[in-house]
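Working from the sequences, and respecting the hints, build out all of it.
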Amino acid sequence: MPTFSRASTKLALLVVFLAVPACGRAPSGDGQPEIRQSPAPAGVVILGSVSLDPGREYEVFRPFADYLAAHLGEVGIGTGKVVVTDSLSRMVEALRRGTVDIYIDSPFPVAFVCERGEARPILRRWKRGSETYHSVVFARSDSGIESADDLRGHVIAFGEPFSTTGFLLPKATLVSSGLKLVNYADSAAAIPSDQVGYVFSNDAENTLFWVLKNKVSAGAVNADYFAALAGSRMDELRIILSTEETPRNVVCVRSDLDPEVVRKVEEVLLAMNDEQLGQKVLRDFEQTTKFDRFPTGAAHDLARVHQLLAYIEEDVGQ
Amino acid sequence: MRLGLKGRFVAFVVAITIAFGVVLTALAVRAQSERLRHELIERGKLLTTVVAANAANSLALLDVGALRNLIAEVRDQENVLGVVAFDEGGRVLTDGTVENPLRHTLIDEAVRRHVTVSDTLLVEIADEEMAVTAPIWLGGRPLGGILIRYSLADLAHDQAVLARRTAAVGAFFAALAVLAAALLTEAVTRPLGEVIQAARALAQGKAVPVLRVRSSDEVGELAAVFNEMTRRLRETTVSRDAVDRVLATMGECLIVIGADGAIDRVNKAVCDTVGLAEGELVGRPSDEVIGAPEGYRSLTDAVDPQGPVHGLEAELVAKDGSTIPMMVSIAPMASPQEHSPAFVVVASNLTERVRIERQKDDFVAMVHHEVRGPLTAVRGALGLLAGGVAGQLDDRARELVEIALRNSERMERLVNDLLTARKLDAGKMDFRMQDVNLMPLVEQAVEGTSTYGARHEVKIFLDGRVDGARVWVDPDRLIQVLVNVLSNAVRFSPRGETVTVSVARRGGRLRVAVADRGPGIPEEFRDKVFDKFTRAGDEGWRHQSGTGLGMTISKAIMEELGGGITFESVVDTGTTFFVDLPES
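If you read the sequences in order, they're chains A and B. Quick note on our numbering: the first sequence kicks off at 1 and runs consecutively. Quick note on our numbering: the second sequence kicks off at 1 and runs consecutively.
Hint data in this document are derived by calculation from the structure and do not stem from the laboratory. Cβ coordinates follow ideal geometry from the N, Cα and C atoms, glycine included. Treat the hints with caution; some may be incorrect.
As the list claims (entries may be wrong) - Using C-beta positions, here's what the derived DEER-type ranges look like:
{"id": "1", "chain 1": "B", "residue 1": "Glu124", "chain 2": "A", "residue 2": "Pro295", "range": "32 to 42 angstroms"}
{"id": "2", "chain 1": "A", "residue 1": "Asp284", "chain 2": "B", "residue 2": "Arg165", "range": "41 to 51 angstroms"}
{"id": "3", "chain 1": "A", "residue 1": "Gly231", "chain 2": "B", "residue 2": "Thr120", "range": "25 to 35 angstroms"}
{"id": "4", "chain 1": "A", "residue 1": "Asp186", "chain 2": "B", "residue 2": "Asp108", "range": "33 to 43 angstroms"}
{"id": "5", "chain 1": "A", "residue 1": "Pro295", "chain 2": "B", "residue 2": "Val123", "range": "57 to 67 angstroms"}
This is the structure we're talking about:
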């Protein structure tokens, strides 16, 4: 009878030990029992945005769209899409044609499209912990400019053309006060005394330094940034105008969007910050804090925006 | 702890290698560090220059946003600690961040000053940081600049890594060097060790092994030379042993006296003669052991620097104080270690000889007293008989009386010769030296021998003369010599022949030549002519009345007179004897 070494015996036992469990295992990719899932609803919810950088915008909106779509199954929506237009007028068109269901943007663009009847505001979007913002217009303390009226014959620097607090809001406010603001390409241009020339600095820091260095006579920036921008040189500057607060961001929906969908969208958005995944999606969505309803109603809370829009409609519609 | 050659060599190599390695490592690390540092600095300067070039336009337009974006990219570069763009007043415009906490802060005073007066890079290095400032000028006026701070911490890290690697490599090669040193010293010291062991065996008198010559280098040569040395030493030892045996065996006494006059060495014969051990003799002053010969204050005074002196009579002092007569020869012996020479003394015991000489003296005295007197009486009586004092004798009686008379005369001459020879040997013969004319003495000798010659029918003819020649001699002894030589010439001349005598000057000396026409002296006898009692057994020789002592006595007398006697001979032709004297 053949004899076996202790090593070969151990090896045989090991093989048996490993082989036995494998015999009774069902083939499976992840080891979990399979669960039959029902097919996704066929409906699609389309989020729209206006941007000259559609690729980046798509990346920003996509997770949010997916989250939203994932929670709209009740209303037959299972897929989220993102549509980016390069102008506000095209967004209006998209809303009209129904290729965009939900449009989220700053107040003036939203007011623009809402006035065209193609959308209606439903919720506010909080960003970076605040629901509203405003702008300040400032000049050097030693410039002799103490009020908005003193800006005549001077040049003011705004931020980016599409910026609410950097351009639209302060301009609208200045124009609404009776000033004639004219866009100049060169900050050194001679400005007629009945005008206020303006240039785009395209950056809040530029605006600040241009004012400090007398490249321009005044500048307008988001009030939240002014203190940080002024820093230790605050005493060299003077705020000559502070605008009203406006909602920071607004969620509007296509005017003819199914009310049930609208309701569900509101429900989902309002609850997003109550759950972990929703919070993460919100953070990734441009530092969104939460969504809420307009305190006194959208019409009331956006009334001033609509008023000021009249002064800058051409600028908004670019 | 005492280190051997191997240990010292290895320690030396280790020390040199470590020192060399440390120095090399330090130099290499330093050089590499310098190179790294230089590279880092150059890289920093280049980056700052590029950023400044790219920032110039934005700074000119005061486009802080663009500056911010530009600097934001630079901030992420390796080793960059921070970047700021500043205006002509030295105020920071942006640090590349949106928050920009350095906004409006003033840069360093020195940097600020630099950018307002220069458009060249400013490099500041402190500890592990380097700050490079690139001023930005446009249209001949400063706009501001770019300041980038770099970390040099990596440099320290790189230096440490480099140092460790270099040290590791150095340690590796140091270990190799030590190993090589150990192997090399082993190769050198092992053969040396064999030589040392062989030398130790040699010093201890043990058997010395023959060393193996493994190589042709210095060590191999040492081994070969050592082998040769031991071979020669062995031969020398054998020779010395043989010499020692000879010295111990020889009957003569051998004494070596050092340059200081003390005894250096003696042989067994000396110890046996004086009754003292070698240790009791070596080191003692030689004067205490060997008496001075007659006429000298000490034995060493008799030394002739030119060579050995023989025939000195001195005395050894025995242990009991008695003296032992010795015949001594002494010679100087050059000593390589001493300036003064040592002396070698060879001495023969004269005790037996003295006893024999005393016996001879006793015999001579006995002959003188007991033989000569009666012999003289006998000859006298026979002469009277021959003279007819007792009456006329018949022919037969006369013949017998003449025979007795001739033999008694011969006996008398023999006795006289014996006495003379003994006196000469003993040095007791008296010489009355005088300054005399030579020719009369020669004439006297010729006349004295003429009767003898007539009897043998041999004429004696005086041929050459040197009148007025004077010599310093004992006249009687000279005549005795000349008569002896003439007598021999007559004796050995054929009847009717002539013996010719001539006197001449020769090389500052006077020569008396006596020539015969006899049979000549055979070759085998010529070196015995002057020996005692030597007479040829040849039939050609007539030995009428010779005693065999005549030539011996003549030679001894001539030597005492300061001259000499020689001869020339041709067999069957004749012999000529020469008696030479210095002319006074």
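| Cβ-Cβ distance between A:Pro295 and B:Val123: within 57 to 67 angstroms? | Taking Cβ atoms as reference, A:Pro295 and B:Val123 lie about 59 angstroms apart, which means the hint holds.
| query | At the C-beta level, are A:Asp186 and B:Asp108 separated by a distance inside 33 to 43 angstroms? | reply | Holds - the Cβ-Cβ distance for A:Asp186 and B:Asp108, about 35 angstroms, lies within 33 to 43 angstroms.
| Range agreement (Cβ of B:Thr120 with Cβ of A:Gly231, hint 25 to 35 angstroms) | 31 angstroms Cβ-Cβ, so the 25 to 35 angstroms window holds.
| task | Just tell me: holds or violated, for the beta carbon distance of A:Asp284 and B:Arg165 against 41 to 51 angstroms? | result | holds, 47 angstroms
| message | Between the beta carbons of B:Glu124 and A:Pro295, is the distance compatible with 32 to 42 angstroms? | response | violated, 57 angstroms
Checked against the numbered hints given earlier, this structure breaks only hint 1.
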